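Now for the letters of each chain:
There are 6 protein chains.
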Amino acid sequence: MYHHIKQLMYTVRVDQPDCRFGNMLLEQFGGANGELAAAMQYSVQGINCDDPERKDLLMDIGTEELSHLEVIGVLTRMHLKPMKNKRNEAEADPLIAVIGGGGVSLYNSAGSAWTADYLKITGELDVDLRSNIAAEARAKITYERLMDFTEDQGTLDALQFLMTREITHMKAFTAALESLGKPAFSIGKRPPTPGTVDQYFNDSTGIGDRGETDALGPWNQGGTWELVESPVLANSQTPAKPRKHAAAAAKGKS
Amino acid sequence: MYHHIKQLMYTVRVDQPDCRFGNMLLEQFGGANGELAAAMQYSVQGINCDDPERKDLLMDIGTEELSHLEVIGVLTRMHLKPMKNKRNEAEADPLIAVIGGGGVSLYNSAGSAWTADYLKITGELDVDLRSNIAAEARAKITYERLMDFTEDQGTLDALQFLMTREITHMKAFTAALESLGKPAFSIGKRPPTPGTVDQYFNDSTGIGDRGETDALGPWNQGGTWELVESPVLANSQTPAKPRKHAAAAAKGKS
Amino acid sequence: MYHHIKQLMYTVRVDQPDCRFGNMLLEQFGGANGELAAAMQYSVQGINCDDPERKDLLMDIGTEELSHLEVIGVLTRMHLKPMKNKRNEAEADPLIAVIGGGGVSLYNSAGSAWTADYLKITGELDVDLRSNIAAEARAKITYERLMDFTEDQGTLDALQFLMTREITHMKAFTAALESLGKPAFSIGKRPPTPGTVDQYFNDSTGIGDRGETDALGPWNQGGTWELVESPVLANSQTPAKPRKHAAAAAKGKS
Amino acid sequence: MYHHIKQLMYTVRVDQPDCRFGNMLLEQFGGANGELAAAMQYSVQGINCDDPERKDLLMDIGTEELSHLEVIGVLTRMHLKPMKNKRNEAEADPLIAVIGGGGVSLYNSAGSAWTADYLKITGELDVDLRSNIAAEARAKITYERLMDFTEDQGTLDALQFLMTREITHMKAFTAALESLGKPAFSIGKRPPTPGTVDQYFNDSTGIGDRGETDALGPWNQGGTWELVESPVLANSQTPAKPRKHAAAAAKGKS
Amino acid sequence: MYHHIKQLMYTVRVDQPDCRFGNMLLEQFGGANGELAAAMQYSVQGINCDDPERKDLLMDIGTEELSHLEVIGVLTRMHLKPMKNKRNEAEADPLIAVIGGGGVSLYNSAGSAWTADYLKITGELDVDLRSNIAAEARAKITYERLMDFTEDQGTLDALQFLMTREITHMKAFTAALESLGKPAFSIGKRPPTPGTVDQYFNDSTGIGDRGETDALGPWNQGGTWELVESPVLANSQTPAKPRKHAAAAAKGKS
Amino acid sequence: MYHHIKQLMYTVRVDQPDCRFGNMLLEQFGGANGELAAAMQYSVQGINCDDPERKDLLMDIGTEELSHLEVIGVLTRMHLKPMKNKRNEAEADPLIAVIGGGGVSLYNSAGSAWTADYLKITGELDVDLRSNIAAEARAKITYERLMDFTEDQGTLDALQFLMTREITHMKAFTAALESLGKPAFSIGKRPPTPGTVDQYFNDSTGIGDRGETDALGPWNQGGTWELVESPVLANSQTPAKPRKHAAAAAKGKS
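Protein chains in written order, with numbering that gives the first Met the number 0: chain W, 0 to 253; chain X, 0 to 253; chain D, 0 to 253; chain G, 0 to 253; chain S, 0 to 253; chain B, 0 to 253.
Be a bit skeptical, because a hint or two may be false.
Copies of the same chain are indistinguishable here, so a pair counts whether it falls within one copy or spans any two.
Unchecked claim - Cut-off 27 Å, straight-line C-alpha distance, at most; resulting in silico cross-link-like pairs (DSS-like, lysine-lysine):
#: 1; residue 1: 83; residue 2: 181
#: 2; residue 1: 188; residue 2: 85
#: 3; residue 1: 83; residue 2: 188
#: 4; residue 1: 85; residue 2: 181
Calculated directly from the structure, the hints in this document are not laboratory data. In this text, all values refer to a predicted model and were calculated from it rather than measured experimentally.
Construct all of the structure, not just a fragment, from the sequences and the given hints.
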């Protein structure tokens, strides 16, 4: 059986409790991009993984994220504690105040219960690593935004530490993916259909002062790209009994 | 206002309806890696996007995924239709049979209702593009697995087409991310803490016949990596009154 | 305080327990169109209702649905009971077998927990009555489909009784709506914009062997209707660099 | 394959961004009565529909609702944008601020993720049309209430347009239902039990200053109605050892 | 068929409506520890129960909780009513204001829809009674906290009544459990493994100024307890290439 | 910061993989009474706990349950693995087969994603301990039922070990509760209303061949109990126009 050791991570300090900021911090405790989501995504991928080396990686980082769950939990608890007895503070998060007595629970900032629907686990190692790279990027930006909303130094220190570790993990997962040596855009075993795979369909079209303009870039021109126009203009069936056009019709009315 | 044009995509053909396979196909209609999830993730990112060129990309692919939702919906409907009146077929998916009369709905193969908790939308363009690259990889492997479970040629043709397009999108999102020209591992504006960002914590340790062995790879050695051992062995507090070790204790009993 | 009296409803009889059918019956116990949904929708509307006469109606039917919850619960319990100890029967609904020991719980046939997201409660009496009419129609068709999947006479008798009552309620809610004497299509206080309200937009267009043909009917022609064609054909921006049409492109490839 | 064309709808204008109102607007983006719910309900019904004429209707309106999803999304985005960097604004919707950076996502005003549990899809055409009529009525009253909470003229214009279209759709669905020519209260194929179907059970009874009075109306008298009293008073088993009545007991104590 | 009689409970009085407090009250209407949860947990357990005497108990209290659902619903409705037309009040709970027009619905204070995932129903009578004892304790503390957040006398009276009844039920469920005469810690039929069942594993260890100290108490010493130390210190595999310890490493950086 | 050490627990052995049993095992991995639920409930309570001794207890058992999550995960993975490529096996759990490639994820046996709505966390220590005692009882009976559905010896050994530990924890939580020395039925600080707290309301009454008989027991007689009859029979308002009783009416018809 595997076992996990969570190492000493960080001693949390809060200079000034702030219930409304504590509510925001719940995003990283019980939210979609938070520490439980990270810990569970990597650990469960690790259980499923048949590659012993990258299984160790998944377990290492999964275990570290569990220790971060405690760090963010303790930090959030410090901010939410004043809620217990004060009506004014309780309004910052009535769910935490009434159900939890000011204690943390696995909710996000909107009081939605944590759900495993947040997780991306496919049992295909390279796909899972891509999901993890994206997950770390999301966690990083989430910590950054939280830091934009507080000036408490103890809190900023803890968030800076946690934010930093997300970049560490992003680097590690990227290196692990590259070390697999798979060709670019090769996923699984079944190859895509040649030709079709290189067609870019220009499906949305903007009109008017706020519409987006069709754009060209390396994502639809150059290399093997073939830019294909939407077929509607050429092929669309003549409508039954057109009277006038909605654009004109709606313009004068609404 | 933007508008979307869904182009003619594909004429679906099913040679032999198969209710239990229809149930599996629901994954790509109303499941976590399915077409609605893709369509909504990219379209909503597009609404939030301030970069007009990549906004067009997000809208183009978001719109294409909506048309794929119809393709997979029509295909799934053909497989599920026999459920309506036959008890034996109905057991393949009682929810679809009893609630839907054999019609599709936005459930996955386990009958869980589609939820926006599947989506990854941060409003940070490069982060969103990473989430999309991972999402396309997941969709690709899901289509591949579905193809492993059917031999119906019409169905295989449609799934091959849809699977191919996921690789197309993966290429486009990757090109769009690279075209932003951001430095590697640079997310948002706040830099990680130097030093700490390069430490790899060896947090999980395996023992015994099935435990994972600590591994070294480009994800924790070489370059700027510093491998750091878990502090438990050195620092852990002496326990209150240790009697014997659980490993030995449990071995003889369970 | 209001009080509810649930009357004697029905003595349930099951001639031959059938675990897989018991699983289907859960739709009307803990499912989207089931008895708890009906009971809660009407009772909560009743609590919010300021019209004393129709409040009584909502409470009467809400209370009756609660008694139906017991009827369907007892019936379902009888069908699921053999699950407790038999592996083969347990496979019909592992959740009920393992978690419930063969007892009913507020799940639907797919094991999704009952959720108040099923309910439609607006606090606008005529709107709520319309939601209730539709809810009764859905409950009726659900009972009918369940009856199509069993031949057990005791079960059929109970379902026939419950199905009948849904029509009773549909009639009562319709009469209550009509008795309000509101003009057709008048909802709330703010009138719709004249002209715009009479425009029918022909937004979807079918092409090819399976495409739907534009249709005319009393829903878009006659009376005050003005049929308006989608503006895309006339107004759409010329695409950046169209090469060829996707319809042709995709046809030969996939 | 069907294809959809979303027409040019409306150019959104916001004179004064208002984060707390933007939070409210999310109801019509990712909420229970919102545009995604409408778009998905009608489009999925359309995929399942075997009646080619009403299938076209379902696809037309489903497509129009998708375009409304964009309208309300763009409008909401304009109101929420200031949240990104301002702590005070961020408190209006911490989930949107921290997770979305001020961008919209498919949540309602309480931050609950959109779920397909909101949808009513049965695959029985006339039943689905009734669900749609009720859905349009709910959407209309929701827009009206939103209009009561803002004075921003650009916003009011957009909401008036969207609100108007709900009435249009309500008319169209009603005409489509009537055009089927089904007898009143005829749902499916199995007839209700005569006699039982005409009984109205007087199940709830009010007592005291706030209790509801039993009421008579066209929903329980006249025509074929038979008003039936709850059997409890006549039939109830004599309790084991009654001491005194709870009404009296509780009155003096609480 | 069983039938329920909800008795006259309580006439609710609100002296001063308070929308933000009304939002908090929703916890006991549609929240995790609220009256619907209690009513459903006991009633459904009652349907599954084969012991006629305790089945009567479950039905009695389940029915009483349903009447409490009305009490708390009416009380909450009175507090929320002003929301309908006032923007300022509406901000206290936008979901209730916009979707419900100021009427109650089965949400908790964070706007999460009630879910049967709150319920604990196993079909094993003594286990269910233990779940009920805990549920009543949670409901009691929830009412107490709500009372701490209001000074409205009419509201306090109602909450005191409801809070009192939870203690009543806790006593009744405890007596019913004890009356079964089961040996302590005997659940189901399969006995635990001797020896292993008496081992307490000292798995968490605290270090530093905020870490928890290993504690001894009747839960791990005395009687048959055997305190067992975590095996990590003795058995852990030597790591691949330890450089230095994370505790020291992290201390100087973050 | 606290740190957790998960000790060596158990080496899992499966003699004969069984996909349908693997599906059932998911209950204890990602289900309502499973190991993640236990681990999170106790650990989060521990974070909130101000009593250092019982905080250590909560952390010890929370940490042990995390290690059990790995044990059950590895065991379940072994049973589900054959699903990856075999259509017949895949039908045992299409979600696991198609989304997970035969790997475990945090779903229950019905494919519902794990949700924090399963957790009971109040921040009131004695209340939390009661919730934990009940949780352990549920987990024990769940393991026992799983054991009834397999004959694989390796699997039985692992389940016996895990089942045993639940009894250990039940004993520890009970001892911890008793060690607090609180008077019986004393929860929080506000006392219940004397008199009212001792009244047992006889609210449900059974009639006929399957109705429950009113029962007397230590839960409603003896000691301070006062048995109170439902007030409906004495006080109920005379109905508007009773015609005949529903019991008689329905009997002849349905």
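Do the hints match the structure? See the list:
{"no.": "1", "hint": "83 / 181", "in the structure": "between (54 Å within a copy, 21 Å between copies)"}
{"no.": "2", "hint": "188 / 85", "in the structure": "between (60 Å within a copy, 16 Å between copies)"}
{"no.": "3", "hint": "83 / 188", "in the structure": "between (56 Å within a copy, 14 Å between copies)"}
{"no.": "4", "hint": "85 / 181", "in the structure": "between (58 Å within a copy, 26 Å between copies)"}
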